[in-house]
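Trainee: Protein chains in written order, with my numbering: chain A, 178 to 531; chain B, 26 to 303.
For lysine-lysine, the following DSBU-like pairs were computed, each having C-alpha atoms within a straight-line distance of at most 35 Å:
| hint | chain 1 | residue 1 | chain 2 | residue 2 |
| --- | --- | --- | --- | --- |
| 1 | B | K213 | A | K249 |
| 2 | A | K288 | A | K249 |
| 3 | B | K298 | A | K277 |
| 4 | B | K213 | A | K246 |
| 5 | A | K293 | B | K298 |
| 6 | A | K287 | B | K295 |
| 7 | A | K264 | A | K277 |
Keep in mind the hints are simulated off the structure, nothing from the lab. Keep in mind the model is a prediction, meaning the values are calculated, not measured.
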Amino acid sequence: MGITIKDVSKAFGNFPAVKEVNLEIPTGDFVALLGPSGSGKTTLLRLIAGLEGLDSGGIFFNDKDYTYKTIKERNVGFVFQNYALFKHMTIFENVAFGLKVRPRKTRPSKKEIAEKVNELLKLVQLEQLANRYPSQLSGGQRQRIALARALAVEPEVLLLDEPFGALDAKVRQELRHWLREIHQRLNITTIFVTHDQEEALEMADTVVVMNQGKIEQIGSPEEVYQKPANAFVYSFLGRVNEFRDYEGSDAISYIRPHEIALRKFSQGNSILSEVSHIHIIGSTVRIELRRQDTGVLFESEMSIEQYHNLGPVKRGDILFAEFKNIVVFDSISENKKTHEAKMGIRNTLKSKLI
Amino acid sequence: MANKKKRHRVLPGFGLSIGYTLIYLSLMVLIPIAFLFLKASTISLAEFWETVTDERVVASYKLTIYTSFIAALINAVFGTLIAWVLVRYDFYGKRIIDALVDLPFALPTAVAGIALTTIYAPNGWIGKYFEAMGIKVAYTPLGIMVALTFIGLPFVVRSVQPVLHDLDRQYEEAASTLGASGSQIFVKIILPAIFPAILTGFALAFARALGEYGSVVFISGNMPMKTEIVPLLIITKLEQFNYAGAAAIAVVMLVFSFVLLFLINFWQWKTTKKYQMN
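Whole structure, please, built from the sequences with the hints as guidance.
Mentor: Laid out in structure tokens, this is it:
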């Protein structure tokens, strides 16, 4: 089912959570709503589900006005961040819930319900747990059951709120692949909320970057990463170095750590820098350096092979840094943003560097 | 394999605290009750049997249990309702209503009894309307139920309120996204979560009602065989210096109450246990 969101706004008291958002999601798309906490991404998801009422604007499913339809009428599957499995019901009863609460006319027979539930448990590969209670399951298993339960009502839209937020890194990785597979198999329009840029870039067909209740950019993972619309998107989607022409200057140039090449000899336009720290993280190496000209700290990233090719490096060494892809955003469009917002970006950039 | 290593505790002193608990319970509960049994055993078994199976005594047992049960049931329903209103809605004067709930605890029961009798008497404020419909409230079992409902009100409210307050709204939201209606959400999601608390409140209100004396004696009219409760019979026996007889009646009531509370607690434990392991 295609979803159209038109000029949707929602405020909680005096706090505007979502501000005049417009978004078009084609049928079968796999969309990530990406943004920092407080960016309005979860509120937008809950507005689509009907869990919150909007202040203004409209929500359309397949061009039909769904703005004031009840949660029930929307037929969406919603997976909550903390799974929200019913503690007093077995896994089977949890998955069957959506079918059992149907009015008698449309309710499947007991046998049909059992078949459907078993089929879904098979889909999430947990059929052996049917008679357990949620408290007896691991986080990853609970998440899969929550998805099976949401799919039981055959929703036309699947909404997931930070689906892997509470899981450890390894389980999260597994579930990401698994969710993609399920999406490919069922081809339901799927929207998930995440604050993890890696998750968004890895899983989604379309990434919607949000900040302060507004959409900053909509595009494929490649687009938003390679052609960020503004400084916020650029800095939110990966590690960044920030340089200012002079102290207090508004003109800021950005560069990603992996776009800085280090050499032991001068070549082209390079800057003398002193090594202040070396972090070897598995297959990547991050080197912190201090510019000799301005004294500003920055970070360079390379593969372990490149690091070995560079030759032995230790703290205090002087290297030549070549900045290969400096990005400068139009300062006029930047100025449109509130002063506060800019300060926020700067602070995060700084903390990323230190 | 058994782990012999001592578990680390945040606060030390298990030995001391369990010792204190046992001594405290013995002094406050066990010894007085044991003394009651001792007193009851001063009469012969035949005498004991004769006392507790006396027609008037049996009628009072039935009346006390029946009225207490109905009162606790009424409180379970309306106490849950009050707790719901206090937790889920914000309105002007909410704090005052919240404070009013505890009033039956603070008010001397005799005062409550006299007040209720005045209001529910055939010529009282509320009683006259019931009288017009041909229903007598004061001086009937119905009046006893009114008094017992009054004194048991806070128990259910105060046991359900915190549980309802901590209930995560996500479960209700999840149920609604799965297509459940409001009443289905209440019956299938909310009620199972607060049921153990309702049961606790019910048991407390019921136990309190079984032993209530002060508020009932005024409104009941104390007619033998009709509106005479067990505590009143015990007092009557004591006034006749028949201490052993009073103890005998009390012992039966005590054993009954204990068995009943034990069963309710067991039921509650069973309902809670199955999905709250780990």
